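*Asks:* Next come the chains, spelled out residue by residue.
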Amino acid sequence: MRRILVLVKDTPDLSGIKIDPSSRRPILEGVKRKLGDLDKRALEAAIRVKESSGGEVVALSVGDEKTKTTILEALAMGADSAYVVGDETLGRLDAQATSMVLAAAIKRIGGYDLVILGELSLDTLSAQLGPRLSELLDLPQVTYARELRLLDGKVTAVRDLEDINEVVEAPLPSLVSVIREINEPRIPSLMNIMKAKKKPIILWRATDLGLRPEDVKAASSIEVLDVVAPEVKRKRIVIKAETAEEASAKLVEALASEGVLEGR
Amino acid sequence: MGGVLVFSEDRELARQLIGKAVELSVRLGGRASALTTGTGDDDLIRHGADMVYVASPPTGYAIEPYRALLLEAVRRESPDVILVGGTKRGKELAPRVAAALGAGYASDCLELGFDDSGRLLAKRLVYGGSSIASETWKGRPAVATAPPRAFQKLDPSDRKGEVVRLDIVLPESRLRVVESRPKRVSDAGLENASVIVSAGRGFKKREDLRLLEELAGVLGAKMGCTRPISADLGWMDQWVGISGKKVSPKLYIACGVSGTIQHAAGIRGSQMIVSINSDEAAGIHELSDYSVIGDIYSVLPALTKLLRERRAP
Numbered sequence: 001m002r003r004i005l006v007l008v009k010d011t012p013d014l015s016g017i018k019i020d021p022s023s024r025r026p027i028l029e030g031v032k033r034k035l036g037d038l039d040k041r042a043l044e045a046a047i048r049v050k051e052s053s054g055g056e057v058v059a060l061s062v063g064d065e066k067t068k069t070t071i072l073e074a075l076a077m078g079a080d081s082a083y084v085v086g087d088e089t090l091g092r093l094d095a096q097a098t099s100m101v102l103a104a105a106i107k108r109i110g111g112y113d114l115v116i117l118g119e120l121s122l123d124t125l126s127a128q129l130g131p132r133l134s135e136l137l138d139l140p141q142v143t144y145a146r147e148l149r150l151l152d153g154k155v156t157a158v159r160d161l162e163d164i165n166e167v168v169e170a171p172l173p174s175l176v177s178v179i180r181e182i183n184e185p186r187i188p189s190l191m192n193i194m195k196a197k198k199k200p201i202i203l204w205r206a207t208d209l210g211l212r213p214e215d216v217k218a219a220s221s222i223e224v225l226d227v228v229a230p231e232v233k234r235k236r237i238v239i240k241a242e243t244a245e246e247a248s249a250k251l252v253e254a255l256a257s258e259g260v261l262e263g264r
Numbered sequence: 265m266g267g268v269l270v271f272s273e274d275r276e277l278a279r280q281l282i283g284k285a286v287e288l289s290v291r292l293g294g295r296a297s298a299l300t301t302g303t304g305d306d307d308l309i310r311h312g313a314d315m316v317y318v319a320s321p322p323t324g325y326a327i328e329p330y331r332a333l334l335l336e337a338v339r340r341e342s343p344d345v346i347l348v349g350g351t352k353r354g355k356e357l358a359p360r361v362a363a364a365l366g367a368g369y370a371s372d373c374l375e376l377g378f379d380d381s382g383r384l385l386a387k388r389l390v391y392g393g394s395s396i397a398s399e400t401w402k403g404r405p406a407v408a409t410a411p412p413r414a415f416q417k418l419d420p421s422d423r424k425g426e427v428v429r430l431d432i433v434l435p436e437s438r439l440r441v442v443e444s445r446p447k448r449v450s451d452a453g454l455e456n457a458s459v460i461v462s463a464g465r466g467f468k469k470r471e472d473l474r475l476l477e478e479l480a481g482v483l484g485a486k487m488g489c490t491r492p493i494s495a496d497l498g499w500m501d502q503w504v505g506i507s508g509k510k511v512s513p514k515l516y517i518a519c520g521v522s523g524t525i526q527h528a529a530g531i532r533g534s535q536m537i538v539s540i541n542s543d544e545a546a547g548i549h550e551l552s553d554y555s556v557i558g559d560i561y562s563v564l565p566a567l568t569k570l571l572r573e574r575r576a577p
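Protein chains in written order, with the working numbering: chain V, 1 to 264; chain S, 265 to 577.
The reader is advised that the hints may include incorrect statements.
With a Cα cut of at most 16 Å, we get these calculated EDC-like pairs of lysine to aspartate or glutamate [what the hints assert, rightly or not]:
| no. | chain 1 | residue 1 | chain 2 | residue 2 |
| --- | --- | --- | --- | --- |
| 1 | V | K18 | V | E29 |
| 2 | V | K233 | S | E550 |
| 3 | S | K402 | V | D123 |
| 4 | V | K240 | S | D543 |
| 5 | S | K569 | V | E253 |
| 6 | S | K509 | V | E214 |
| 7 | S | K352 | V | E29 |
| 8 | S | K402 | V | D37 |
| 9 | S | K509 | V | E223 |
| 10 | S | K509 | V | E162 |
| 11 | S | K447 | V | E181 |
| 12 | S | K569 | V | E245 |
Covered stretches of chain S (in silico footprint by chain V; criterion: 3 or more residues with CB under 8 Å from a CB of chain V, positions within the stretch not fixed) [unchecked claim]:
| no. | stretch |
| --- | --- |
| 13 | 284-296 |
| 14 | 307-316 |
| 15 | 389-397 |
| 16 | 437-447 |
Partial list, computed: chain V residues near chain S (C-beta under 10 Å) [unchecked claim]:
| no. | residue |
| --- | --- |
| 17 | S134 |
| 18 | S174 |
| 19 | D208 |
In short, the hints are calculated from the structure, not lab data.
Since the structure is predicted, the reported quantities are computational estimates derived from the model, not experimental observations.
Just so you know, even glycine gets a beta-carbon here, dropped at the ideal spot from N, CA and C.
Isolated chain S, as found in the complex (with noise of 0.2 Å):
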């Protein structure tokens, strides 16, 4: 049948690639497909999917289940390539499913298209973020899969789709969860925020970090930093850059950063970047989209009580 097959857990992730899918299932010449465990159908049709398999949730996320369904919709629709959502449970199952096809894998596709002579590309971040390379597979299917906000989903639209219930045994899964820990609000999920405030060393003590906790606080925005604020200080626990998280928010604002290459790297997805540092001469400028050139302990109380006030109706 062709087409692009499109499996995530995360609904709004599932939503842009099955928009990817619809674009790129007109050049293969197939239909963008999806499946969905539970419930969601009606809502992937609507962002365009033209064929939903949808499967009873198995008991907890454990992988075995899911790879099994996702191999049963791959048996069943045969599509040219399988896009799955790259979160963490994304990027071990699409691998997983890859190995048992015999099939190609492109990690964290932030492009995926067509080149001039009709070969499928992916454009993906490579030594540690610094570079892109253009990759294609050799056969088919391909499995890929993108990080969020890489693809935009359509607009929901009354249309019509096929939907089929996948009713198979379902394997155990041979991890036992044995205990389940929510994260602290501000450590969690800095991969999949769309707006992330970061500390650098401009900060000279760990309380001044409150300083940033308003500035979040009033966004909406997960915290980072840079690696000497974490690795070093111990201030913060997850720092953004070449070894720590990449990240790719909407909108990423540099508190008192400098800049470095390693830095950088894991910032270079963000949509736009705002740096707020007194020193006119900081790399980060260079890597900014809007500098303010200023003290971050003036600049921060006066940005935080500005968005307060816009957000106060």
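If we strip away everything but chain V, and leave its shape as in the complex, we get (with noise of 0.2 Å):
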């Protein structure tokens, strides 16, 4: 049976995030965490696959307990089942210990067939979690997808590029990751919410997955020393007048002196 892993991540809720006013940092406690955007993404790309040619989806997570709303959306949506991979004695991990989590778990699940996940997390925004794991698990990669379809024992996908969209061919297994433009996801119904709730979840620790959580630990390779939110520091110069010719006259004349008219 075609097997379907797809990654998915408890994301905070940008829209929730403040900023404090004197230390300009970002708030996080107490921001909503959900399902990130572009997980619900792959995760729709997953359930197509298998609308279409059957199989199972399996989500798969690095988490913890609180990660289960999370993973709950993610049944909802349509996945079979569920792995959350957590352990409170690994602490905040980089992409780096992540991806050496996840890549045990996809070998110890074993038997897919696709890796989906979604190009990057919106909090990060570092999308490498995808290239490392086709490094890890020796995947062919396929990332950008905006289309995506499983043919002949073969993944067909579109790529988006800065100049072209290249339509690529790679065998099974391998991994693709997805941008916003592969599909609308779909919101659960009020009934797959329920039966979600019926639905495994198998929760790993990493010593299940023979990871000694200090080498997890030391795999970890960035330390991330502050964040701040800059302010704005524009000129906020206002550019009134009779007409419009004036007022474009006066434009064009300030964007010529702070030389930002001319080419590259």
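These two chains come separately, so use the hints to put the complex back together.
*Replies:* This is the structure we're talking about:
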């Protein structure tokens, strides 16, 4: 049977983040956490593959007890089961440590045809999990997918690059990262939300995957020293004039003296 | 050998990264080196590289051969920092190479430098672009990408550098390219555009977007829009904002854009922001260097005409 693994993440609701006016630091306490937008689209893509060619959709996340709400969202959308790898002894993991844990979990689950994930998560904006997992699992790396199909034992995707849309074919199993153009994710029905509570959620600790917590911690290679919301420093010069022609003339003069009207 | 190894398939971006590599190398006590495929070794040396690894260009652009080439250059050069151009291709290559090396990676660095205790420090956007994180690497090598125009290239000079050919057997790509479809010009490369004009809800009808097109034409600009124009109305493909494209042009002209927090996060990286909006109280003015208080339906044609006359000899 086809098995599609989808990586999902518990992400803070960005519209709920306030900035402390004195320290200029974002306040994350009390911010609702939810399934990330691109995670939903990755899940939607997996569910559509299942709907057209059969199989099962398995959601996988690094997290803890709190991640459960997010996982229930994924199950309500249509994942058949979920795995959460969590360990309070691990603390905050960076992308390298996270990819180490996920690679071990993916190997343990096994038997998959596709690993699908969002190109990036909006909180960290780092877009490295897909490429890292391709490397660790030695999987063909199909990034920036805006269309995805499974046909004749191969995956076909349209990759959205700067200047071209590239249609590629890759053997199974492959790893696919999706961008927001891939689809519009479904909103789960009330009935599916109820059903989700009966679906299996398997919790693993690092040691269940044969990983030693100290090795996972040591794999963290990036330290975040500070996060600050910078103040907007703009000139805020207002141009008002009697006519559009006068206003335009003032603007062009200003832009010319700023040197931004010439080529690259 | 230490220092900074640079790679980008975008030559102009490679030059900019070498500018930064030269600066960092002084402090790191190494040299600025670069990898290029095909040609360009002279050019990269003129822009500051002391050492250039030249490989024959693989057919097409696939990740496996470029991964192999970059890892080979890393093996020979042993850099402290590997700096890759933050194009989409660069941003799928750099973390892949970081994983192969067991190294930490910071994407889309707006700044790279050293803190007071001499640690290598990256500044990059997080939380949808609303905040800037300062990050450091716990080990070496450090892998990073940087977007176009984050760093400045050096003026070219007649200088000498070493050139070494990389002749290794390249792995085949496991991806087969079936077709390559060029994008419509207006849709391509918003992230890398140096001038962007964008439309907001001030545009009343789809046909009116021709006013924006004409301005874009005379400025050589790419066109963007706000989320409602794209996601709700479907008038254009790509929107700029927290959930859309994050842009960093030299000049961003927001036309009939109200200036939501979501849009603000997408344009934060712009060097200069101009807004044209008849509503004096619109939030976009607070985000702008220059605000024209006026109706886009009269200002855009006037501005286009003026710029066209200015261009004409």
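*Asks:* Evaluate each hint against the coordinates.
*Replies:* Quick rundown of the hints versus the structure:
1. With a CA separation close to 10 Å, the supplied pair V/K18 and V/E29 stays within the 16 Å bound.
2. Restraint check for V/K233 and S/E550: satisfied, since their Cα atoms lie roughly 9 Å apart, inside the 16 Å limit.
3. Of the pairs offered as hints, the one joining S/K402 and V/D123 is violated, with about 21 Å between alpha carbons and a cut-off of 16 Å exceeded.
4. Annotation: proposed proximity of V/K240 to S/D543 holds, straight-line Cα distance about 12 Å (limit 16 Å).
5. Annotation: proposed proximity of S/K569 to V/E253 holds, straight-line Cα distance about 14 Å (limit 16 Å).
6. Note on S/K509 and V/E214: the hinted pairing is violated, with a Cα-Cα distance of about 38 Å set against a maximum of 16 Å.
7. Under the criterion of a C-alpha separation no larger than 16 Å, the hint pairing S/K352 with V/E29 is inconsistent with the structure, at around 33 Å.
8. For the hint pairing S/K402 with V/D37, the CA-to-CA distance comes to about 31 Å; that exceeds 16 Å, so the pair is violated.
9. Distance restraint check for S/K509 and V/E223: the Cα-Cα separation of roughly 27 Å exceeds the 16 Å cut-off, and the hinted pair is therefore not satisfied.
10. At most 16 Å may separate the alpha-carbon atoms for a hinted pair to count; S/K509 and V/E162 meet this at roughly 12 Å.
11. For the proposed pair S/K447 and V/E181, the alpha carbon gap of about 15 Å is at most 16 Å, so the pair holds.
12. The suggested pairing of S/K569 with V/E245 holds, with an alpha-carbon distance near 9 Å, which does not exceed 16 Å.
13. With 0 residues carrying a beta carbon less than 8 Å from a beta carbon of chain V, the stretch 284-296 of chain S misses the three-residue requirement, and the given coverage is violated.
14. A count of 0 residues in the stretch 307-316 of chain S with a Cβ less than 8 Å from any Cβ of chain V is obtained; the coverage claim is therefore unmet, three being the minimum.
15. Here's how the stretch 389-397 of chain S fares: 9 of its residues keep a CB closer than 8 Å to some CB of chain V, so the rule of at least three is met and the hint holds.
16. Counting residues of the stretch 437-447 of chain S whose beta-carbon sits less than 8 Å from any beta-carbon of chain V gives 10, enough to reach three: the coverage restraint holds.
17. Given hint, V/S134 at the interface with chain S, holds; its Cβ is 6 Å from that chain's nearest Cβ, closer than 10 Å.
18. With its C-beta approaching chain S no nearer than about 8 Å, V/S174 sits inside the 10 Å limit, and its interface hint holds.
19. Contact between V/D208 and chain S, as hinted, is not supported at the beta carbon level, the nearest pair being about 23 Å apart and thus beyond 10 Å.
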